[in-house]
Every structure is written in structure tokens, then in C-alpha cells.
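Novice: Now for the letters of each chain:
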Amino acid sequence: MIRLTIDGQEIEVREGTMIADAAARLGIDIPVYCYHEALGPLGACRMCLVQVEKMPKLATACTTAVAEGMVVHTTGPQVDKGRKGVLEFLLINHPLDCPVCDKGGECFLQDYTFRYGPPQGRFQEPKIQKVKDGPISDLILIDQERCVLCQRCVRFMDEYVGEPELLLEGRGVETVVTTVEGRPAQSQFAGNVIDLCPVGALLAAPYHHKARPWNIEREESVCTLCPVGCTTLTTGRDGRIVRVEGRPVVDRNWGWLCDRGRFGFDFATHPSRLVNSRLHGREEAAARTTREIGQWLREVVAQEGGEAIAVVMGGLHTTEEAHQVYRFATEVLGTRRLVVSRDVPGYVPRGLNGTFEDLSAADAVILVGTDPYESAPVLHLRLRERLKNRRAPLTLMGVAPRNLSRSTLPVETLVTHVGQEADVLAAALKEAAGDHPAVAALLSQGAGIARGIDPTQVSQLSRVLREAERLVVVWDGVEPDVEHVLAALAQARQGQTTRVLPTFGPSNWRGFERAGFDARFDALTRVLEDARDGKIRMLILWGADLLKDYPDRRLVEQAYERVEWLLAEGVFVPEGAEHFDAVVPGAAPGEVYGTYVNMEARLQIASPSVNPPGQARPTKSYLTAWAHALGKPFVVDEEWDPYDDASGDLLPEEPLPQDIEAIRAPDLPEGGVELLVSAQVWANGIPSQILEARLEAAQIARISPLDADALGIREVGVIRVESAEGVLELPVRVDEHLTPGRLLVPLGVGALPVNRLRPGVVKVQRLEEVQTP
Amino acid sequence: MKPEWKEWAQEAKKQFPRANSALLPLLHRIQRAEGWLSPETLTEVAELLDLSPQYVDSVASFYSLFFKQPVGKRVIHVCVGLSCMLAGSDELMHALEERLKISQGQTTPDGEYTLLEAECLAACDLAPVAQVNLRYRGPIPPEEADRLLTEEVSS
Ligand code: SF4
Ligand code: SF4
Ligand code: FES
Ligand code: FES
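Going down the list, the protein sequences come from chains A and B. Numbers 1 to 773, taken from our numbering, label the letters of the first sequence in order. Numbers 774 to 928, taken from our numbering, label the letters of the second sequence in order.
Keep in mind that the hints were calculated from the coordinates and are not lab data. Beta carbons are placed, not taken as given, at the ideal position from N, Cα and C, and that holds for glycine. Some clues are possibly wrong.
If you want the footprint, here are the derived chain B segments under chain A, 3+ residues with CB under 8 angstroms [stated by the list, open to error]:
1. 819-829
2. 832-843
Label-pair ranges, simulated between beta-carbon atoms [unchecked claim]:
3. 811/B x 133/A: 53 to 59 angstroms
4. 388/A x 793/B: 17 to 23 angstroms
5. 85/A x 793/B: 38 to 44 angstroms
6. 121/A x 920/B: 50 to 56 angstroms
7. 186/A x 811/B: 20 to 26 angstroms
8. 97/A x 858/B: 27 to 33 angstroms
9. 209/A x 797/B: 39 to 45 angstroms
10. 797/B x 208/A: 37 to 43 angstroms
11. 777/B x 449/A: 52 to 58 angstroms
12. 765/A x 836/B: 52 to 58 angstroms
13. 133/A x 855/B: 54 to 60 angstroms
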């Protein structure tokens with residue numbers, strides 16, 4: 001540790017810390033442009049000048065490491081003069097067009113000039129003119145005249161993301177930030193440069209000229225589009241959300257978002273948003289619909305009791321809303337059939353759940369089935385940051401039916417057949433700790449043969465399972481047996497850490513569980529089977545869309561046909577509208593206060609920015625009305641608090657799962673193409689007009705170049721997929737990175753109803769080739 | 774991509790421990806052969822040295838003597854630095870523009886001449902000074918502008 005004094009205050013920091021960070025720790029603000037802790041020092045802008053005693057000249061606080069006994073002054077006439085000079089230079093060619101700049105009022109060039117700058121520049125010559133509002137992509141604009149050449153944006157894309165789409169072109173005052181030959185930036189992380197840019201140079205196209213800072217309210221919120229749950233600031237203006245920004249949380253996250261979350265906020269104002277109640281397929285006044293539903297509820301409860309009603313929780317609801325539904329269902333209706341909508345069968349017990357801190361501290365990470373770049377984008381960035389930390393090497397492996405490696409994140413992938421992940425993991429575990437009782441129990445039914453897999457790869461995996469001190473498994477939940485392997489693994493590794501991060505949705509499933517719902521897939525399946533068998537008279541979907549999501553479409557259809565009353569609440573009309581007796585419009589994220597629980601089992605608060613549109617209402621107003629119809633007292637408990645005192649913002653800890661279930665070796669059919677499903681944030685079925693083109697491009701099945709060749713498809717085509725369960729027509733495109741012999745279909749896209757088939761071997765035939773211009 | 778570029782890239786790489794150091798010599802060699810560096814060339818150089826196209830573009834655009842547009846057989850740089858300006862570089866430039874019927878920054882349609890401005894060429898004692906294919910010529914009083922167009926130069 002190094003001791004130094006900054007502005008008269010003593011502080012002790014780690015060796016290698018920069019003065020800027022040491023000062024920040026004391027709450028002393030040193031102005032910076034180019035410096036960002038995540039990107040490391042550069043020293044390009046000279047804004048951070050401070051005075052260090054015994055140094056002949058002012059020093060840049062962002063590139064000067066602390067030294068024992070150092071005495072730093074961040075104010076004083078010398079420092080003032082330095083800052084003044086730097087700002088005068090930075091403003092020489094600046095157009096001073098703050099009145100028409102989107103960042104006016106939120107800009108560090110304004111702030112620092114106001115605080116430290118000269119009132120006037122001395123430069124008389126004409127200013128250099130550059131591109132204004134030029135495109136970086138369809139979503140990002142650049143005003144090159146306002147750029148202070150701090151290089152944050154260029155370095156972020158190049159070094160941090162690994163997709164070097166931006167560059168500095170030219171030299172000196174002529175230098176500009178641009179893309180190679182003006183080609184639009186494609187990266188799903190490019191939007192972060194808008195937040196990173198300290199001035200008004202990089203702008204969000206959808207927010208361009210939309211508001212001034214005094215028109216808007218910025219509320220702290222959370223992105224709900226995938227289980228990462230990135231922290232956001234939501235900008236509301238005149239009852240509409242007009243912008244989403246990343247929100248850094250000290251010592252926890254840098255505030256990165258992916259562009260899906262940053263620009264996909266407009267689903268709540270999408271034309272397909274449900275804003276009117278629907279009764280028997282037609283729009284109906286809210287009061288009438290609510291009354292009718294109240295009558296049905298009364299009838300069912302009176303005739304058969306509450307157990308004839310089941311509630312499926314899903315969608316983008318908050319934990320509090322789920323808890324209100326839970327209380328209504330248990331106290332007013334009297335049913336315990338409360339389950340969560342699921343699109344994959346896997347489950348992670350709380351006792352195994354890990355956090356992002358575990359990830360940062362891990363010495364080995366195994367990706368099981370999931371490609372975070374597609375399923376949980378900002379997790380991909382976290383992994384990259386972890387991998388780049390050279391002080392602590394990381395082993396990064398994958399076990400999946402396709403190669404998970406990317407140029408931005410090399411993953412040593414053990415490529416399995418579809419449905420073989422659990423067995424291969426079990427085989428490695430057998431080799432690593434075969435005599436441990438938990439492992440023996442897991443293998444008692446003969447699993448762990450890893451048929452057709454190179455034994456050296458299995459050994460390599462087993463070495464990681466045995467030797468890693470802090471292991472994190474990131475899992476997509478597609479193969480349910482993996483849960484049991486992970487439970488046995490954690491048992492066998494007592495003394496070493498084993499933590500799991502689930503990338504499956506719905507994004508707040510753990511919150512629904514916290515509120516009292518059963519999040520296990522089997523529970524949902526039982527409800528659907530009971531409905532099919534006539535044991536349930538009324539099925540209520542609260543935000544859920546089972547035809548779209550549940551892996552066995554047939555069962556959902558049978559259940560929908562059989563139940564007497566089928567109700568839904570949601571932000572969109574669920575698929576199979578013809579089945580529903582009533583659909584009522586609910587509030588979307590950003591419209592109600594509440595908490596969301598992310599893949600870390602961490603609670604995060606979202607404050608509302610706007611009111612629900614049209615007839616859409618928050619959950620509690622429906623529940624109160626129906627309780628009234630049933631003549632039962634029901635007061636929404638506004639005080640209910642999902643937090644737990646002992647565990648802070650994490651859900652209460654639980655012990656490791658003790659009972660280990662034995663798994664079986666899978667039957668692996670030979671030959672053919674193997675169908676595999678995966679959750680992808682760009683194809684998760686939530687619409688957006690801003691992102692329309694990109695979402696469309698992602699909502700397509702994918703095959704490898706090799707298989708495409710065999711089918712006679714060059715880029716895009718339509719194929720016929722056949723299996724024992726049925727036949728499906730799918731649009732496909734060629735994916736250079738996909739493992740040959742696989743057909744990958746995103747989950748939850750209405751146009752790709754992959755839940756008509758089961759993952760595994762299918763027959764594939766070309767129907768037509770689509771020529772792309 | 775010209776077949777010999779691969780070889781040149783190998784040779785350049787051998788001289789330095791890191792690929793990005795080989796970039797400048799390779800760009801020079803290709804420009805000498807081709808006369809200029811097209812966007813395609815830059816992309817191909819990136820490939821040859823396993824660098825990102827962004828990096829190559831940044832480097833090539835940093836140096837004004839890498840031509841990112843085709844230039845004429847005779848490239849004339851007129852110094853517009855302070856000494857040369859006081860000694861009449863504006864008039865020299867105008868004279869050339871008139872003679873060649875192009876503006877500075879342009880190339881004559883027949884591909885013979887390219888007229889460019891340069892910052893101080895560090896030869897103020899010869900002001901107003903110019904370069905023809907990087908050979909110094911000066912002082913060149915405006916009325917003698919023709920000398921720059923006719924005098925023998927090696928290319
Ligand atoms: S565009 Fe913004 S972030 Fe990028 S270099 Fe310029 S000022 Fe910095
Ligand atoms: S990574 Fe997920 S939570 Fe974060 S911004 Fe993207 S979609 Fe939203
Ligand atoms: S912040 Fe220190 S030089 Fe830019
Ligand atoms: S000003 Fe022309 S050579 Fe110096």
C-alpha cells in the first residue's frame with residue numbers, strides 16, 4: 001500500500017493506482033475526458049492536470065501513479081491556469097452550438113468550461129468545419145466538430161469490446177472520429193460510446209433533437225430484456241420514454257448496455273401494444289371486461305373451489321406485481337397452482353446461484369450451452385474483461401452442441417450432440433471425482449459415457465472441474481439434467497467454490513419465485529397436463545405467452561382447448577388469441593415501481609417514468625376489483641419488501657442442494673441434422689420499431705456453410721424440417737460460425753414456432769432459395 | 774492484391790518484432806509501386822499484416838504523404854508556412870492554379886500534375902519554397918512558377 005496526501009487529506013491505496021482514482025476515493029473530483037477506469041490511462045486530453053509537489057510541471061492525474069509520501073494539490077492558481085489553457089485549446093475549433101446540442105446540460109465540456117474555463121477564447125481565425133450529424137450507424141450520429149478527440153469511443157470499441165469499428169482519421173486539428181470507409185458500425189455494443197463520449201459528439205439517433213434537459217425526468221431503472229438486468233437511466237418526456245442510458249454502479253458495473261436494451265425501449269409504445277381490454281375476441285370497455293371476469297371467477301370458486309384455477313406468471317412483471325398476484329391467488333381465490341412461464345426446462349437452485357463478483361474472481365468459467373454474446377450480451381463483456389486481466393489467468397471452456405468461440409472471446413468448446421451436455425459433463429465429473437458419494441449417486445443410472453467425444457477433451461474438462469479453485473458455470477437451461485450434474489459437482493468440490501449463472505428467462509423468474517411462484521418447469525408442465533385432463537377450469541396467464549414459449553406447443557394447445565376459461569393479462573396479445581375469453585392490458589416496465597431479480601439473484605429497483613397508456617392498468621387494480629367481485633377483503637400490501645436484511649440486495653442464501661438425482665445417458669440418434677434451440681436477446685419476440693430491421697435480421701434459423709452447400713443455399717433460403725413430432729417450414733441463413741450438422745433456431749419468435757418439434761435429429765430439405773440483392 | 778505484396782509483407786515483418794511496425798515500410802513500398810493507396814489496398818494491407826483495417830486507415834490517414842487518392846506524375850507541394858507566405862507563396866499557388874486550371878488539392882485531368890499545399894517544409898531560407906516529387910525547389914518567385922512544371926525531375 002502507498003500513502004499519499006491529496007488536498008490535505010491522507011489516503012492509502014494500492015500500488016499502481018493513478019492519482020485520479022485515489023482522489024475519486026476521497027470524493028475529490030478531478031476533471032477528465034479521456035480517462036475511464038475500464039479503459040485504463042491514455043493521457044490524451046490533458047484535462048486532469050494537478051500539481052504534485054517536487055514535480056517541476058503540472059502532471060496528468062490519470063497517468064501518474066501514486067508514490068509514497070506524494071503530496072498532490074488538485075486546486076490552486078497553477079492548476080487553474082493549466083485547466084484554463086487546456087479548455088481554451090479544446091474550444092478553438094468547437095462550434096459552440098450548445099443550444100442545439102442534445103447533450104447541452106449533460107455535457108462535461110460545458111460543465112468544465114463553466115467551472116474552470118476562460119470566459120473567452122483568444123483565437124480569431126475561422127473554425128475548421130467538419131461533418132455534423134453524420135452517421136456512425138442507423139442508431140448513432142457523430143458531430144465531428146464537437147469532438148475533443150479523447151479517444152474513449154475508439155478505444156472502447158477496439159480494446160474493450162474487441163470490435164474495432166471506430167477509428168481516428170487524419171492528424172492534428174483535422175483528426176476526426178469515423179468508421180472505415182463510412183461503413184455503419186454493426187456491433188451490438190456500439191451504443192455505449194454515446195454514454196462514454198464526454199461531449200456532444202456521439203449522439204443517439206432516436207433521441208436526436210427530442211428534448212432539452214429541463215423537459216425530461218431521468219429515473220433509475222433496470223433493463224428487463226434479458227436476465228443480466230443492466231442498470232439504466234430512463235428518460236421520460238410528456239408521458240413517453242424517449243431514451244435509455246447505462247447507469248454505472250460504483251464497484252459493481254460500468255453501466256454498459258447492449259443496443260437491444262438501449263434502443264429497444266419503445267416496445268411499450270409499439271403499435272401492437274395492448275391498450276384495450278378484449279372480451280371474447282373483441283375490444284370491450286375495461287369496466288365491463290373486469291366485471292365479467294369477476295363473475296367467472298366467482299362462479300368457478302363457488303362451484304369448485306380455487307384449486308380449479310391456475311395462474312402462470314410471466315412476461316416483464318416486477319417481483320411486487322408477482323407477489324400481489326400470489327396473495328390474490330392464495331388468499332382470495334384459494335389456489336396453490338401458481339407457476340412460472342418457462343421456455344426451457346432447466347432450473348438453478350438458489351444454493352448454486354452465483355454473482356458477477358464470483359465471475360470476476362473466478363479462475364475457470366464453463367459455458368454450458370449458452371453463448372452470452374447472444375443470450376446475455378453484457379455478460380459477454382464481463383467475460384471479456386475478466387479474460388483480459390492478465391494478472392489472473394482464466395480458463396474458459398464450453399460444453400455445448402455448437403462451437404461457442406468468437407473472435408472477441410475464445411472459448412475452448414467441447415462440442416457435444418444435442419441433448420448430450422449433461423452426459424459429457426457427468427463423464428468429466430466421473431473422471432474428476434468418481435468416488436465421491438454425490439457423483440456416484442448421479443451416475444448410478446449409467447450416465448457419463450460421453451459417446452463419440454474425444455476422451456482427451458473430456459479429461460481436459462475433468463481437470464478444470466477438479467482443479468479450479470473458483471469455478472463459475474454459465475448455463476442456458478436447455479438440458480434439465482445439467483442441474484443435477486451441477487449439484488453433484490458442487491458437492492464434490494466442497495472446499496472449492498462452484499457457482500452457476502443462469503442465462504434463461506423470463507428475466508425476472510427468480511423474482512416470481514421469491515414472490516411465491518413455483519419456477520420449476522415440471523410444475524408448469526403439471527399445470528398444463530392437469531388443464532388438458534380437465535382438472536383445471538380456468539387458466540390465468542399473467543404476462544405469460546405459453547404458445548410462444550412453452551417447449552411443447554401441442555400440450556399448450558390441448559390445455560387451451562380444454563379449459564373453460566382462459567384469461568390473459570399482458571403488454572401484448574398472446575399467441576392464439578382465438579382461445580382467450582378475455583385479455584386485459586397490463587402495465588409495462590417503466591410504468592410501475594418495482595424490483596427485478598437478475599441472474600445473480602440480485603434485487604434491483606426500477607422507478608417508473610411514465611403512466612400506463614390507454615386502458616392499461618397496473619396489476620393491483622385488477623386484483624382489487626376482482627377481490628371485490630368475490631366479496632373478499634384484499635388490500636394490496638404496499639409494504640411487502642422482497643429484500644432480506646441479512647443478504648442485502650441478494651436474495652437470501654440457501655445451502656447447496658443435498659439430494660442428487662441420478663441421470664441417464666441419452667439416446668442419441670444417428671445422422672441427420674440436429675435441431676438446437678437458444679435464447680437470443682435480438683430474437684426474443686419483444687417488438688421494437690427503432691430496432692425493427694435488426695430484429696428482423698436476427699429472427700431467422702441458422703445453418704452452417706457446409707450444410708447450406710449441401711442444401712444448395714448460398715445465403716438465405718427456406719427449409720422444411722421434419723421430425724417425429726411434425727413438420728415445420730423455416731427461413732434460414734448461413735452462419736459462418738455455426739458447427740456443421742446443426743440447425744439453430746432462436747426461442748420465442750412467433751414466426752419460428754420451433755416448439756412444434758423437439759430438439760434433436762431432424763430431416764432437412766430445401767424449399768426455396770431467397771436471392772439477396 | 775498484387776502477388777508480390779505478400780512477399781513484401783513478409784520482408785517487412787522480418788525487420789521488426791511486431792507486425793504494426795512493418796506497416797509503414799510496407800505502405801511506402803506499395804505506394805511507390807502503385808502511386809497511391811486505395812481503400813482496397815489498405816484493407817488488403819491490413820489482412821497481410823493481420824492488423825485491423827481501422828488501425829491501417831488511422832495510420833495511413835495520419836501521414837499526409839500517403840496518398841489516398843490517385844496523384845499525377847508530378848506532385849507539387851507549395852509551402853504555405855509563415856516565411857513562405859510572407860515571401861509570396863499565395864501568389865505562387867495562384868499562378869500554378871491558373872497555369873494548370875485546377876485548384877490546390879486537385880490533379881489535372883491528364884494525370885500529369887497534382888498540386889498540394891504543405892506546412893513549413895523546414896527550408897525557410899529558400900522561401901517561397903516548393904517540392905516537386907519531394908525534391909526541394911526554391912526560392913521560386915511567383916512569376917517563375919513555370920519552372921516547377923517544366924524542369925527535369927526524377928520521379
Ligand atoms: S467522439 Fe466523443 S468519445 Fe469519441 S473521441 Fe470524440 S469526444 Fe471522445
Ligand atoms: S445485456 Fe440484457 S439486460 Fe443488459 S442491456 Fe442488453 S438486453 Fe438489457
Ligand atoms: S484525463 Fe488525463 S489526460 Fe485525459
Ligand atoms: S515556411 Fe516554407 S519552408 Fe518554412
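Novice: Could you say whether the range 50 to 56 angstroms given as a hint is met by the Cβ separation of residue 121/A and residue 920/B?
Specialist: Violated, since residue 121/A and residue 920/B (Cβ atoms, about 42 angstroms apart) do not stay within the stated range.
Novice: Does the segment 832-843 of chain B contain three or more residues whose Cβ lies closer than 8 angstroms to a Cβ of chain A?
Specialist: holds (count 4)
Novice: Falls inside 53 to 59 angstroms, the C-beta gap from residue 811/B to residue 133/A?
Specialist: violated (28 angstroms)
Novice: A range of 38 to 44 angstroms was offered for this pair. Does it hold for the Cβ distance of residue 85/A and residue 793/B?
Specialist: violated (33 angstroms)
Novice: Do the beta carbons of residue 97/A and residue 858/B sit within 27 to 33 angstroms of each other?
Specialist: holds (31 angstroms)
Novice: Can the suggested window of 52 to 58 angstroms be confirmed for the beta-carbon pair residue 777/B and residue 449/A?
Specialist: Since the Cβ atoms of residue 777/B and residue 449/A sit about 55 angstroms apart, the hinted range of 52 to 58 angstroms holds.
Novice: When you take the CB atoms of residue 209/A and residue 797/B, is the distance between them in 39 to 45 angstroms?
Specialist: holds (43 angstroms)
Novice: Given the range 54 to 60 angstroms, decide if the beta-carbon distance of residue 133/A to residue 855/B lies inside it.
Specialist: The hint (54 to 60 angstroms, Cβ to Cβ) is violated, given that residue 133/A and residue 855/B are roughly 35 angstroms apart.
Novice: CB of residue 797/B to CB of residue 208/A, is that within 37 to 43 angstroms?
Specialist: The hint (37 to 43 angstroms, Cβ to Cβ) holds, given that residue 797/B and residue 208/A are roughly 39 angstroms apart.
Novice: Does the Cβ distance between residue 186/A and residue 811/B fall inside 20 to 26 angstroms?
Specialist: holds (23 angstroms)
Novice: Given a hinted range of 52 to 58 angstroms, is it respected by the beta-carbon distance of residue 765/A and residue 836/B?
Specialist: holds (56 angstroms)
Novice: Given a hint of 17 to 23 angstroms, does the C-beta separation of residue 388/A and residue 793/B actually sit inside it?
Specialist: holds (19 angstroms)
Of the numbered hints given earlier, the model fails hints 3, 5, 6, 13; all others are met.
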